[in-house]
Every structure is written in structure tokens, then in C-alpha cells.
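Visitor: These are the residues of each chain, in order.
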Amino acid sequence: MKIDNSLPLEYSTEENRLKILGFWIFLGAEIMLFGTLFASYFTLVDRTAGGPDGAEIFKITPVLIETIVLLTSSFTIGLAIHAMRLGKKKAMLAFLGVTLLLGAGFLGVEIYEFVHYVHEGAGIQTSAFTSILLTTLGTHGAHVTLGFFWGLFILLQVKKRGLTPETANKSFIFSLYWHFLDVVWIFIFSFIYLKGMM
Amino acid sequence: MDFFDRFAIPHPSPAIYASMVAIGLTMIAVLAGLTYFKKWGYLWREWLTTVDHKRIGIMYLISALLMLFRGGVDAIMLRAQLATPDAKLLDAQHYNEIFSTHGVVMILFMAMPFIMALMNFVVPLQIGARDVAFPRLNALSFWLFFMGAMLFNISFVIGGSPDAGWTSYFPLAGNEFSESVGTNYYMIAIQIAGIGTLMTGINFMTTILKMRAPGMTLMKMPMFTWSSLVANVIIVFAFPVLTVALAMGTMDRLFGTNFFTTDNGGMDMLWANLFWVWGHPEVYILILPAFGIYSEIISTFARRNLYGYKSMVFSMVIIAGYSFLVWAHHFFTMGQGALTNSIFSITTMAIAVPTGVKIFNWLFTLWKGKIEITTPMLYAILFIPLFTIGGVTGVMLAMSAADYQYHNTMFLVAHFHNVIIPGVVFAMLAGLTYYWPKMFGFMLNEKLGKWAAWLLSIGFLLAFMPMYITGLDGQARRMYTYSESTGYGPLNMVSFIGALIMAVGFAVIVYNIYYSIRYASRDISADPWDARTLEWATHTPVPEYNFAVVPQVNSIEAYWDSKKKGQVLFKDKYEKIHMPNSSGVPFIMGCIFFAWGFSFVFGLWVPLILTTIGIFVCMALRSFEKDHGHYISVEEVEETETKLRGAK
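Chain order of the listed sequences is A and B.
Per numbering that gives the first Met the number 0, the very first residue in the first sequence carries number 0; after that it's consecutive.
Per numbering that gives the first Met the number 0, the very first residue in the second sequence carries number 0; after that it's consecutive.
Simulated from the structure, these hints should not be mistaken for laboratory data.
Please note that a few of the clues may not be correct.
[Claimed, not checked] No farther apart than 20 Å at their CA atoms in a straight line, the calculated lysine to aspartate or glutamate pairs in the EDC-like style are these:
| no. | chain 1 | residue 1 | chain 2 | residue 2 |
| --- | --- | --- | --- | --- |
| 1 | B | LYS449 | B | GLU543 |
| 2 | A | LYS1 | B | GLU574 |
| 3 | B | LYS575 | B | GLU543 |
| 4 | B | LYS575 | A | GLU13 |
Since the structure is predicted, the reported quantities are computational estimates derived from the model, not experimental observations.
Please model the entire structure based on the sequences and the hints provided.
Guide: Here you go:
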């Protein structure tokens, strides 16, 4: 494996560079995926069929907690990558661990939120609006869940194998994914929750 | 017994039971044959676990030919039923099932893998690379496609075929009107294959953008590689839409959600829109690589460089952009209003401009060329006029006001077969013939090949030109029969005869393969067509590592210039070559996906959860795996190279 030391560790081999570009392209596909969900959401948002609409079921407190937790986790994953570039394995692991804990916290609140919706009579079968609402939120939540385990595996690998071109590459790609989920959440927060509560 | 009742066919016929037996016997024969000839190890080592793009390409090719047979049999049954008025060969339900599976199989499980086959085999060779960017992912893509296709194909013997058309419009495809599990098969099998295709898109975009030989700038790429790049960009941006639409459809059918239902706020037109936001770009995913193949073949056999290289590239990029802006033309009659219809009319007609540019470029390439009519060239020459007819009727259909006359008639059926058969299928057959020597080390028989090309063209004209007429006369598509008083009988009989002639054409191709395997000379050069691009610069058969030395490129037709102008392609000395390791995981994951899909179709929740866990376990194992590939030593490279050179 040819290692180019003039570049950061995660970019240092040809294979690493391919993987980073490939992942950016994958994120392009993910934008289309969420774009389709948002387009469907805007199409179906007023079709509540006598069931509750957004204003009736959205509660600002859990949503704000989720937003703050997830935005903070995006900051901490940034710190983790920064630590990685400085070669500080321990700090990197600590920030990655905090990121995952925040991710788990986000998921906890989201599960509470979903239970609350079902209690309010807004289950996935209630109306076209609730179907697309829970599917959009659920798709994002599923991404966070997958990211949680993926990040956990990377954490274990960095811990065991140290910061190699391979683990650095994985961590960097994971950080791209995590930031992306945050961007999606900002759209969810603005266009689903805030717009729905207005 | 209640448990097993769900697997019964809801609407059986003797033909289905016969195929059930035939499938069972074939599988036993294959398994017995593999055991008897002790080929299990060979199959596992060389094929099931391979990550070599060339072998994956060949597996795509075999799958595509098998699916061509399946879709072709469907087509013959449809035409036989319509050949005479009031025919009783098929009933309405069987007719519905057959046209639905014919469409899905031909587009998603025949045309797509055929394109993937050529892309996989040719693109890395054409850009002077040793494999694709992510070889393991490439194998997974293939196995997901394959398992999706197999899952779809077992539907007619287990549980019932989808019967809501290849477009599966809701509410027809909802539980209320499609009670059998057939549409579940549609949703889930296409989902699995679609995920594979999306991965291919990412893989090939990365490969083409990052792994070109030194000196090959974007504007020096061969045209097939350009067309593949554009097609893969479309894949990456179109397939996620399908993913979402299919997921919503699945949830509507299995979890009682209300996306496309008619009550509780659901909106059936949302499906139509999402389906075609993917579906229209999809047809360009098929046709652009076909255009790429024609460009290669026409310039090779006209012995001229491709006319208007830059305009070829720009026209493809423009077509790709437009492909996302025309989807509503598939349902002009469904009430979006005059303004929307006008906009989509205009964007649709505008596509004819860049397509026309390409047609003229091919004609100008032929102009004053020293044309040599080989089988691939014959397909290309037949393609130009036949495809142009399809393009012109496409512009007719694009006029939204006139579309009220054409919509849902045989005119439309004639149009899209007219672009897909001479456009895509001819290109794939031409590409098959053209690249066959590179793939297998011998050439297909020219005489039989030309017979097949003519039979297919004549059969095509007889089968589809009458449909334009009956369509304008009002014969609706997807109707299983018609009365004698309509007067459609004679023309439909002509169509049936055309379909039979096409079947003979395909039989000739199969015979040609058999004949050439037995009798064709193995003593051919690595460049039997005197071609122009890099894939011909390496040996036949292509060694595992493709090129012993990475070629250095400084013109569009690097290989041609090295032959004619003495440019040196291979300058460096041999070095050890890094290659990826084979892996059984993609195949195993494919199998788990098959079980996952099957459980999903029938709502078997426990196996579904277990297989879901299985899929994630495979992914987790991959995350922890240390796989750095292996090296081929300089001595091994030297040995292989001497052997391959000596073999000539």
C-alpha cells in the first residue's frame, strides 16, 4: 500500500481517496432519497382525513431537545476528526464516544416522541399525513440507528488497531455521514416541525 | 395446512403446473450435473466468490440472456393471444400477469443487466484500469440484482404473479384490487435489484472519475465510457426515488399505511409521479450506454474517428438533464391541467434535439468512411433508420393535446418497443458480438450473426408497425382480447408472425453461440476488429490484472494512434500488481436477501427479522474484516505475459 504522507491520514492511500469520493456520491443519492420523502411530505401534509394535523401533535420540548442533542453531536464528531488529524487517539475516542452517546440520547427522545404520537391517535395508518410524517422521521431515525452501530464498530477498531490509514478513513467517512444526518435534521426541524407548528 | 395455503397459486392453469415441474427438474438436473462433474469447487472459487469485473460482467450477460428468454416467452404468449379475435388461449387474469412480468423482466432484468454486463466488462479495460473502484461492492451489486430477479421469477409458481402492469399504478396495485402477493413480489424484488443497481452507479461513477489511465482526461475518454458515466450519474439520482416509492407501496400493502390509497387522505397520483420521476430517467439509463456502444462500433467499422466528439458528450449530458424534467408526459390525460401539460410537452420535444445531434454525428461518421459491414456494424446501420421512426413517433406522443388520442393505445406500445428494440436490444446484441472475442477468445459466426440481425429487423417491423395503425384506430393496450367487428384481427396476426420471426432470430443467436463454441477458430488476435480504444490493447483472454503495465494515453483514440502513429502506450517496466481478494460474503448476502425478500412478500415476520439480522451481521463482519488484497509478483506477471504472447 503506497502511503502519501503529505496528505491527512484518511486521504493517504489511493483506496482511501476512492472511498471518500464514493461516499460523497452515496450522499448525493441520499439527498435524492430524503428529497423524495420531503416532496411526498409536502404533497400529503394537508391530507389528514379527519385525523390530527401537525399543530395538534407536535410538542416543542422534545423536538428542541432532539435538535440540540443532534447539533451538539455534529460538533463533537467534528472535534473527534480534528483530534484524529492531530494524532490524538484518546481524545478522538472520547469525542467519538460522546457523539454516539448523544446519538443514543436523540434516539431515546425520538422513541418517546413516536409513542406520544401513537397515544394522540396519530399512528402510521391514521392518515396520509401521519404515514408520511412517521416514514420521513423514521427513515432519519433508522439512519441514526445504523450510524450508532457503525460508529460503535469504528470506535472499537480505532481502540484496538490505533489510527491507521484504514481506521482514519473509516472514521472520516463516518463523520461525513453523521454531519449529513444533521443537515437532514435541520430540514426536518424547519420544514416539518416549525412549519407544522406555525 | 393453512400455513401452506398462502403459497398456492391463486389462479392456476396447466401451463403453470407444467412450468413448476420443469423448474423443479431443471434445478435437480443442474445440482446433479454440478455434483457429477465435481464442479462445485470450481463454481465457488471462480464464479460465486469472484470480484473480477470481467467475470461479473459475464455473469450479468448470462443472466440477461436467460431473462431475455423468459421475457420473450411472455411476449410470444401475449401476441399469440391477440393474434385472432376472441381468442381463448389466455384468460384476462393470465394476460394481466404476463404483460406485467414481460415489462418488468425485459426492462429491469434483461436490458439493465445486459448494459451492466457490457459496462462491467468494458469500462475498466477502456480506461486502462485493473478493476472497478470497489470490487467487493460490485460483486454484491451483481448478487442483489440476481437474487431480485430470481425472486421476481418464482412469483408465478409460488403465490402468484404481479398483475398490475409494469407500472403498478395505484389504486389498482393496492390490496383492494390486487389481492394476491404478486404485487408484493413486484415491490420487494425490484427493491432488492434496485439497491444493487444504485451501488453499481456509485461504483462506476467513482471508477470512471478516479481510475482512468494517466493522460486520459475527461474529454479523451472513449464514447462508451462517457455514456456509462452519464448513465451512472442518472442511476445515482434516479434510483433513490424508486427506493422510496417502492418502500411506500410495500408499506401500503403490508402495513396499512395510506400513501397511495383512495381513502384516509392517500393520493394515488403520487405513485404515478414518483414512479415516472424514476421511470423516465431509467429509459435514458438504458439508451445512453446503447448510444455509446453504437458510437464505438460505427467509428470502428467506418474506419474513421467519431464525428463531433464534443457534441456527442454535450448532447448526452443535456439528455441526462432533460430526462428528469419530462416525467409527466407519461400521464398527460390524468388531469394536471393545460399549463403543466404544455411545459412537459415542450421539455419532451426538446429531447429530440440532442438526440438528433447524435443521429447526425453517426451519419457524418459514416460519410466517406470505408464502411465494413460486420454483424455489429449491421445492427448499427439498421438501428439508425429504425430508431429514428421511434423517435419521430415519440415527438408525436409528446404533443399533449394529441396524446388524448394515443394514450393507452397500441400506438404507445409500438413507440416504446420501437425505441427499445432497435435502440437498446440491437445495441446489446451488437455489443455482444463485438466484445465476444475479447470475452471468450473466439468470434461468433458472421453469417449466422447477420441472419439474426436481418430476422430481428424484419420481425420487428412486422410485429410493431401494425400496432401503430391499430393503435391509431383505437386498439387499447393491456386488453386481453377484442371482437372481430373491430377489424383489428388481420394486423394483429401480422404482429404475431413478426413476433415469431423475432423468436427465430433469437434462436439463430443461440445456435450461433453453440456453433461458434464448437467450430470457431481460437487462433485470433487480441484486436480482431482492428479497433480503436484501449480494451483491445491487452491480450485475449484478458489476464486477471487487465494490463501488465498501466497504459499512458494522450489522445482520444489512444490505441489507434499507437497502431498508426507509433505512440507508445506501455512505457513502464513490470511492477508487482495489487489485486482484491475473492470473497464469498456478497453471494451469501445475496442469498440472505433472497430469503429476506421471500419472507417479506408473504409477511413471514419471524424469518424476516432473522434475515434482517443476518444482513446486518454480514455488514458488521465486513466492518471488522481486515482485507488488504494480494499482490501478483513481477515473475508471475512476466510468466503470464510470455504465455499470452506466445499463444498468439
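Visitor: Below or equal to 20 Å on CA atoms is what counts here, so check B/LYS575 against B/GLU543.
Guide: This hinted pair holds, its Cα atoms lying about 13 Å apart.
Visitor: Given the hinted pair B/LYS449 and B/GLU543, is their alpha-carbon gap at most 20 Å?
Guide: 32 Å, violated
Visitor: Within 20 Å, alpha carbon to alpha carbon, are B/LYS575 and A/GLU13?
Guide: 16 Å, holds
Visitor: For A/LYS1 and B/GLU574, compute the direct alpha-carbon distance and say whether it is at most 20 Å.
Guide: 13 Å, holds
Checked against the numbered hints above, the structure violates only hint 1.
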